[in-house]
Amino acid sequence: MDLQEFVQHFAEQFDETDASIFTPQTKFHDLEEWSSLIGLSVIGMVDEEYDVALKGNDVKGSVTIEDLYNIVKSRI
Amino acid sequence: MLSNPFSLESKTVLITGASSGIGRATAIECAKIGAHCVITGRNQERLQQTFEQLEGQGHVQIIADLASQEGIQTLAEQVPQLDGLVNNAGINLMKPIGFIKGDDLEKIYTTNTFAPILLTKFLLKKKKLNAGASIVFISSSAAMGSGIGNAVYGTSKAAIMSFSKYCARELAPKIRSNSIHPGMVETELIQGREFSDADMEADRQKYLLKRYGKPEEIAYSVIFLLSDASAWITGHALVIDGGRRV
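Chains as they are written, first to last, in my numbering: chain Y, 1 to 76; chain B, 1001 to 1246.
Keep in mind the hints are simulated off the structure, nothing from the lab. Note that the structure is predicted; figures quoted are calculated from it, not measured. Where hints are given, some of them may not hold.
[What the hints assert, rightly or not] Derived DMTMM-like pairs (lysine to aspartate or glutamate); straight-line CA-CA distance at most 25 Å: (1) B/LYS1206 - Y/ASP58; (2) Y/LYS55 - B/ASP1104; (3) B/LYS1101 - Y/ASP51; (4) B/LYS1101 - Y/GLU49; (5) Y/LYS55 - Y/ASP2; (6) Y/LYS73 - Y/GLU48; (7) Y/LYS55 - B/GLU1186; (8) B/LYS1206 - Y/GLU32; (9) Y/LYS55 - B/GLU1201; (10) B/LYS1206 - Y/GLU33; (11) Y/LYS55 - B/ASP1199; (12) Y/LYS55 - B/GLU1106; (13) Y/LYS27 - B/GLU1186; (14) Y/LYS55 - B/ASP1203; (15) B/LYS1101 - Y/ASP58; (16) Y/LYS55 - B/ASP1197; (17) Y/LYS27 - B/GLU1201; (18) Y/LYS60 - B/GLU1201; (19) Y/LYS60 - B/GLU1186; (20) B/LYS1107 - Y/ASP2; (21) B/LYS1107 - Y/GLU32; (22) Y/LYS55 - B/GLU1188; (23) Y/LYS60 - B/ASP1197; (24) B/LYS1101 - Y/ASP47; (25) B/LYS1101 - Y/ASP15; (26) B/LYS1107 - Y/GLU49.
Full structure from sequences and hints, please.
Here it is as structure tokens:
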């Protein structure tokens, strides 16, 4: 599992936010476009790409994209 | 003794999905108010837990898998003559439209839509529903398009709302049919899932009554629709959502 690839998949869930601003350190809850629908999309993306079932509390409890990556990685 | 139109005394009622949540609460409350309950579920242990909580005598439990047509047909053969049918068994899926898979549709529709339609059909075919019987479908407020990520679940429940109205039309005047549309109810169906605890708490505050429902608060309306107190109500879709959609 590759961190850069995960960041890219994460960024794909957004429509308005420029892909270039996403890094492993991005605090995604602070992004203007962040919403509960995008949260659900991230859960859907992780299910599709990594076959891992995230819960709402996993997303809520993560600050950076890398935090979430680490959760997914630990469950593969 | 004064007769109570809200009583289910001497009525036999089949409740699907009785091993947890709204189905379990419905079975327990129906038994309290005098019904003979026929309860079904997939999980023997959990169904037994419900069975043990049923007051009174004459209740029956039947393990059935409503995901297969054979399972539904067998159940329809096994049950006694019925005065009430509560099509409650259901499963949930929370996914944005862009992530829906064909398998998701098949799985959710099989349990939430095909099973109640086929069970109703087989019970009618075998003439198991007595004259004066009442059918209650547990649909959802999601049938009206509420919430995000609910497209598959909501459409599966919208189909049932529509089916209930067709039952009302085709089975009148002998048999009544109504659907109930709960908002969020505190059951296992909604716990520890895609929404965080903080999101859920924020969502509760959007309800006028500032909380989600309790399973028995849905059961009480099921009882009303099964009872003679609702003898002139058919084809109705009853929303019970703590004022969320006002």
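Unmet hints by their number, sorted upward, for this structure:
13, 20, 21
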